[in-house]
Amino acid sequence: MIAIAVGFTCSAVRAQYPATNPPQLPNVASNSITDLQNGVRAARQKRYNVAVAALTAAVNETSQPNQLVTALIERGVVYCDLRQYEKGKADFDAAIRVAPRSPGVYLTAGANAFRAARDADALEYYRAGIRQSHHDPPLLNNFAWFRATCPNAGYRHAKEALAFATEACERTQWRNPHYVDTLAAAEAEAGMFGAAVEHEQQAIRSGKLGSGVEEQLREYRRNQPHHDRPKD
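For the sequence shown, my numbering begins at -10 and goes up steadily by one.
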């Protein structure tokens, strides 16, 4: 199951995955801070034109790297929500140039590329993020989900999905049911349906998963892997 970095969200996952909160911004009198806050708020309310205008103003006004990265990523997600992926990608790439070691940037860029069916970009973002972040668990999880469930067979890789999903679970002491859910998808892709059923049941028992997981369990019981693309 895909995870999204706190403060960097997209409509494709808001209803299905753990809720995220807007970034905590400094309480300072600043036009760039105000524009950034207004842009984030408008994006959450799906007032996309207002969000783009406010976030563009924040990008142009701020001299703070953290604020610039947040504004670029938030605007990139809005562009993806508007089906303007190339503009979104340009913002993600600009954010990476400013903060090349920030896991959240790669996490959000990869998730949005995946939902836009830009699978080559998703693969590149996830690989780069794992290299730069020294195997950040949410990145490991997202990459494993992508490699296990991508509808494009050329981008699925059961062995890699298993390795990264297992590592994400181990690094979090098996306490994150979303990562266990991802491991189940990787096991199913590898043909390990008994293990997939067991781990999917374990994840479901947590009561913390969103919709669709019961259907995944039924697929595994039918000896079928789960292939799907995040939707709006």
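Keep in mind that the hints were calculated from the coordinates and are not lab data. Fair warning: there could be bad hints in the mix.
Stated by the list, open to error - Calculated cross-link-like contacts (lysine-lysine; reagent style DSSO-like; alpha-carbon spacing at most 27 Å):
#1 K76 - K220
#2 K197 - K220
#3 K148 - K76
#4 K35 - K197
#5 K78 - K35
#6 K148 - K35
Claimed, not checked - Using C-beta positions, here's what the derived DEER-type ranges look like:
#7 D217 - R33: 24 to 30 Å
#8 G199 - Q53: 17 to 23 Å
#9 K35 - G143: 41 to 47 Å
Glycine included, each C-beta is placed from N, C-alpha and C at the ideal position.
Here's how the hints hold up against the structure:
no., hint, verdict
1, K76 - K220, "19 Å, holds"
2, K197 - K220, "20 Å, holds"
3, K148 - K76, "33 Å, violated"
4, K35 - K197, "25 Å, holds"
5, K78 - K35, "19 Å, holds"
6, K148 - K35, "39 Å, violated"
7, D217 - R33: 24 to 30 Å, "25 Å, holds"
8, G199 - Q53: 17 to 23 Å, "34 Å, violated"
9, K35 - G143: 41 to 47 Å, "33 Å, violated"
Figure legend: structure checked against the earlier numbered hints; hints not met, in rising order: 3, 6, 8 and 9.
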